[in-house]
Amino acid sequence: MRLSRYFLPILRETPKEAEIVSHRLMLRAGMMRQEAAGIYAFLPLGLRVLEKICAIVREEQDRSGAIEMLMPTIQSAELWRESGRYDDYGREMLRIRDRHEREMLYGPTNEEMITEIARAYVRSYKDLPLNLYHIQWKFRDEVRPRFGLMRGREFLMKDAYSFDIDQAGARHAYNRMFVAYLRTFARMGLKAIPMRADTGPIGGDLSHEFIILAETGESEVFCHRDYLDFPVPGPDVDFESVEGLAGIVGKWTSLYAATSEKHDAAAFAALPEAARVSARGIEVGHIFYFGTKYSAPMKAVVTGPDGVDRPMHMGSYGIGPTRLVAALIEAFHDDAGIKWPEAVAPFRVAILNLKQGDAATDAAAGELYRALAAKGVETLYDDTEDRPGAKFATADLIGIPWQILVGPKGLAAGQVEVKCRADGGRTMMTPAEALARFAS
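Residue 1273 is where the sequence shown starts when you use this note's numbering, and the numbers rise one by one after that.
Just so you know, the hints here were simulated from the structure itself, not pulled from any lab data.
Incorrect hints may appear among the rest.
Here are the simulated distance ranges between beta carbons [said to hold, decoys possible]:
#	residue 1	residue 2	range
1	Ser1396	Glu1512	50 to 60 Å
2	Glu1512	Thr1702	41 to 51 Å
3	Ala1547	Glu1487	16 to 26 Å
4	Asp1399	Asp1607	49 to 59 Å
5	Ile1389	Asp1334	45 to 55 Å
6	Ser1276	Asp1334	15 to 25 Å
7	Arg1582	Glu1487	43 to 53 Å
8	Asp1578	Ala1308	51 to 61 Å
Listed below are the simulated DSBU-like cross-link pairs for lysine-lysine, each with C-alpha atoms no more than 30 Å apart in a straight line [said to hold, decoys possible]:
#	residue 1	residue 2
9	Lys1627	Lys1571
10	Lys1463	Lys1523
11	Lys1398	Lys1571
12	Lys1410	Lys1463
13	Lys1534	Lys1463
14	Lys1523	Lys1534
15	Lys1627	Lys1647
16	Lys1681	Lys1647
17	Lys1410	Lys1523
18	Lys1410	Lys1288
19	Lys1571	Lys1410
Where is the CB? At the ideal position from N, CA and C, for every residue including glycine.
Take these sequences, add in the hints, and give me the full structure.
See the structure below:
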């Protein structure tokens, strides 16, 4: 993509309403624009990152055996009355009426709707286990939306829902998602620590939040230092193995790890001082097992192998892709801007023509751009008339992992400069070597 033809509304000044790093940088980098309190339009650069995140989430959900579908954003109030949550959920639920005065709502979550779908089609234990997920927009009418995507009102959510014949099967489904979440965040460059958590309005008696540590985190968390070095399961993990998954989950829940709501000061103090980590954290995922909380009142039953009908055991599993955009920025940034991990970067390479209009630099930069594009390398070519300093600032702000600097002095020696955004390292190489470096 040529920057001269791209829609990238960079802001030179930090908007006054932006209180945290991710909010400031997303606005400045032209990734999003606020349309109402807690509601944002994703601009092209931001959408590319969001789509990369969703692709990783999908791949790991599919790998774990979950099946994608899509549910609507608008739900009937009657479903929520069946479960008993319509009056209990609170003012965060946006309640509306259609032209026929039927009570509806903009879904903040989908437990009721997925339970209604399952009870319509799942009749026998032979139809189980089942895990259905979708990636869909949600709305929660926060009293005080703030911090950009961290506490917005409209947000994109991946929510999966498992159905099993009994508690043992449901626990295996829970473990599948637990391990899938570890892999999902690791692929984005994040070390997420699972911590026992409150179930909140979702309900149930087993829940874990996946927390990344960041200086700008929203809440205080406490954990054993060894978690920082735990290896994440590889792509060959066997999601069919009950014992294997139980072993992984057992290891990842064997040490102290708690959010502030679940913190036990005495238990934490009992750890060796060198093992205690008290830090700020950001929630990037939340999983729940809640048994028959929804299936029993909504009569979502299946016939067991003994011929007896029983309500299905359920769990739900959420990841917020829009929230992850912000969390990644909180984890990967410096004073100059964002430092995207390659897996989620909007472009892998930025080519900076340092003397636009010069025959040699125009030719070399253009040839590199066309060659990288032909090899399928996502490349942003800064062919604007801006001065080199402005181009450096833009490239650092938007966080493209690699920059190829094409200038007259380097070309005179037959070289271009390759800069790594993550660590600032710079290497001189020929254009052919640069092409081979990124197109291999």
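Structure-based check of all given hints:
no.	hint	result
1	Ser1396 / Glu1512: 50 to 60 Å	21 Å, violated
2	Glu1512 / Thr1702: 41 to 51 Å	49 Å, holds
3	Ala1547 / Glu1487: 16 to 26 Å	20 Å, holds
4	Asp1399 / Asp1607: 49 to 59 Å	55 Å, holds
5	Ile1389 / Asp1334: 45 to 55 Å	19 Å, violated
6	Ser1276 / Asp1334: 15 to 25 Å	38 Å, violated
7	Arg1582 / Glu1487: 43 to 53 Å	49 Å, holds
8	Asp1578 / Ala1308: 51 to 61 Å	54 Å, holds
9	Lys1627 / Lys1571	70 Å, violated
10	Lys1463 / Lys1523	15 Å, holds
11	Lys1398 / Lys1571	18 Å, holds
12	Lys1410 / Lys1463	26 Å, holds
13	Lys1534 / Lys1463	21 Å, holds
14	Lys1523 / Lys1534	19 Å, holds
15	Lys1627 / Lys1647	25 Å, holds
16	Lys1681 / Lys1647	27 Å, holds
17	Lys1410 / Lys1523	33 Å, violated
18	Lys1410 / Lys1288	27 Å, holds
19	Lys1571 / Lys1410	26 Å, holds
Hints 1, 5, 6, 9 and 17 from the list above are not met by this structure, while the remaining hints are.
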